[in-house]
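One letter stands for each residue in the lines below.
2 protein chains.
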Amino acid sequence: VHVRVLGSAAGGGFPQWNCGCANCRGVRAGTIDAVARTQESIAVSACGARWVVINASPEIRQQIEACPALHPRGPRHSPIAAIVLTNGDLDHCLGLLSLRESQPLVVYATDRVRRGFTEDNVLCRTLERFEGQLTWRPLPLGRAVAIDGVDGPTGVIVEAVAVPGKPPLHLARRLGAPDPEDNVGLRVGDVTDGALLAYVPGAAAVTDDVRAALADAACVFFDGTFWSDDELVRAGLGDRTAAAMAHVPVGGPDGSLDALAMLTAPTRLFTHLNNTQPLLRRDSEERAAVLARGWDVAADGMELVL
Amino acid sequence: VHVRVLGSAAGGGFPQWNCGCANCRGVRAGTIDAVARTQESIAVSACGARWVVINASPEIRQQIEACPALHPRGPRHSPIAAIVLTNGDLDHCLGLLSLRESQPLVVYATDRVRRGFTEDNVLCRTLERFEGQLTWRPLPLGRAVAIDGVDGPTGVIVEAVAVPGKPPLHLARRLGAPDPEDNVGLRVGDVTDGALLAYVPGAAAVTDDVRAALADAACVFFDGTFWSDDELVRAGLGDRTAAAMAHVPVGGPDGSLDALAMLTAPTRLFTHLNNTQPLLRRDSEERAAVLARGWDVAADGMELVL
Chain A
104 VHVRVLGSAA GGGFPQWNCG CANCRGVRAG TIDAVARTQE SIAVSACGAR
154 WVVINASPEI RQQIEACPAL HPRGPRHSPI AAIVLTNGDL DHCLGLLSLR
204 ESQPLVVYAT DRVRRGFTED NVLCRTLERF EGQLTWRPLP LGRAVAIDGV
254 DGPTGVIVEA VAVPGKPPLH LARRLGAPDP EDNVGLRVGD VTDGALLAYV
304 PGAAAVTDDV RAALADAACV FFDGTFWSDD ELVRAGLGDR TAAAMAHVPV
354 GGPDGSLDAL AMLTAPTRLF THLNNTQPLL RRDSEERAAV LARGWDVAAD
404 GMELVL
Chain B
104 VHVRVLGSAA GGGFPQWNCG CANCRGVRAG TIDAVARTQE SIAVSACGAR
154 WVVINASPEI RQQIEACPAL HPRGPRHSPI AAIVLTNGDL DHCLGLLSLR
204 ESQPLVVYAT DRVRRGFTED NVLCRTLERF EGQLTWRPLP LGRAVAIDGV
254 DGPTGVIVEA VAVPGKPPLH LARRLGAPDP EDNVGLRVGD VTDGALLAYV
304 PGAAAVTDDV RAALADAACV FFDGTFWSDD ELVRAGLGDR TAAAMAHVPV
354 GGPDGSLDAL AMLTAPTRLF THLNNTQPLL RRDSEERAAV LARGWDVAAD
404 GMELVL
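From first to last, the protein sequence lines are chains A and B. Take the first sequence: its position 118, counting from 1, is numbered 221 in our numbering, and each next residue is one higher. Take the second sequence: its position 233, counting from 1, is numbered 336 in our numbering, and each next residue is one higher.
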């Protein structure tokens, strides 16, 4: 499986447009040891020619241009054969509306995520200009699915696993109580190779099911939104905790670093990094702590082959 | 009036994600004399400290980061005091949904544009998380309005002028027949200075009213989407003419270059350039032709003071 990291920041990106925290100021001024990041998304491929994009970030146009593997090879063409959504957050879905230049799209999502984006959303008509422009395909929980792209099978196999989360903020009133289909992690493989990628950019908790979904992966991407539960509050940037936003922090006694200590995957990366996350700084003690435990931090432009 | 060109390309940007035309291939490979452009938007300011953004492109986050004048000056802050929309096209509105990090926004638009974006659009709830997060203000036709920003008056004065256009593609069925409020040009000034900016990024025709709206401006931005009416058809990229897309071409006997020959503004710029537009190439004969007539071509990052 070929992997390209298109984006590795949480919603809002790094730096965030209206944020002047130490990290955002520092990366703009070039005074901290950190690089800018667009909003979290990866592309995976079995063959290297046709790609499955996981999550469609608002910055997808910029991300495509930064990734030559995703450039068109004809007058009207895209190597993007299909898109898979892990949840209905706008930083994962809004980019669909930027893929509207009369290009056929295939999108895999749970019913709940598909309905959250398409119902009561007149903007979606921009993707319904001709028969077959936008094709939604189901993403069942706990069952491996061979991803069929615009031009047929991609050779990529995806299994969605329910991961603790919640409905996106803008749908909270509409969707009501959380549902296992609100938020998934993906186990990604290909038809010719046993190596498995586990992609879990958002998780409210590390449960036994989550651990089981990651245990046999050769490469794990996991929710690195926050280092600590009260990170935003202490920085004076808001009153919401990581728990209130359905993200388990990386650090501390209840953090994912400890909860996932059993993992043996050679490559383990935190992604979906909020702009306040101390892991963004290459010289932070938090970064040293995760490196010492065999983890690293995802960055835009990373290329992996499993 | 201070002006920053945030983006100068038509919907889809340059290069466009699924386009392999000669221009898109060439700019990606660096083999033509052209620079990449994000989707059309400008920022204007009376004082240089607080800014009014005209049109919210899907790439607004990238555009803000590329423009130091728009960087925050506090932990949670934005120098963007207000946003003005010229029509409801997604390349002008989608960026609103990327300005969602609990920052108060003031948006000026005609009733028709506001309703086109907010009605039957569940995504807008992301901008309605607290009282006063998103404030819409009317943009009347033919009357100068002092733009009041998040923190009070901006010193920028805007007059919207009806310009021939049509409803955005995704709203065609919903909105029915075209309406003068579908598409406007803006006459922009400030309270302390007589110099006027005319901003007309989309126009289906050059009428006497359009000419009158531009006649006394010191700086004109005008619709440069296409050079010729059948540009997409001849390039094999579609079956729609410039007229069908409500854009008057720049060249030819019915083009805007001839129709606006009476303008005497020292600065005249074509903007909203489609990726097929030959004006994108600095060495094209079309570029030489507009330069000879006193026009130039807008580019991302341009700074002007009127």
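In short, the hints are calculated from the structure, not lab data. Among these hints, one or two may not hold up.
The list treats identical chains as interchangeable, and a pair is accepted whether it falls inside one copy or across any two copies.
[Unchecked claim] In silico lysine to any residue, SDA-like type, Cα no more than 25 Å apart, as pairs:
no., residue 1, residue 2
1, K269, A125
2, K269, T344
3, K269, A391
4, K269, T310
5, K269, Q206
6, K269, D361
7, K269, L409
8, K269, D223
9, K269, D214
10, K269, F233
11, K269, S205
12, K269, A315
13, K269, C170
Remember, predicted model here, so these are calculated numbers, not experimental data.
- prompt: Which earlier hints turn out false for this structure, listed by number in ascending order?
  reply: Those not satisfied are hints 1, 3, 7 and 13.
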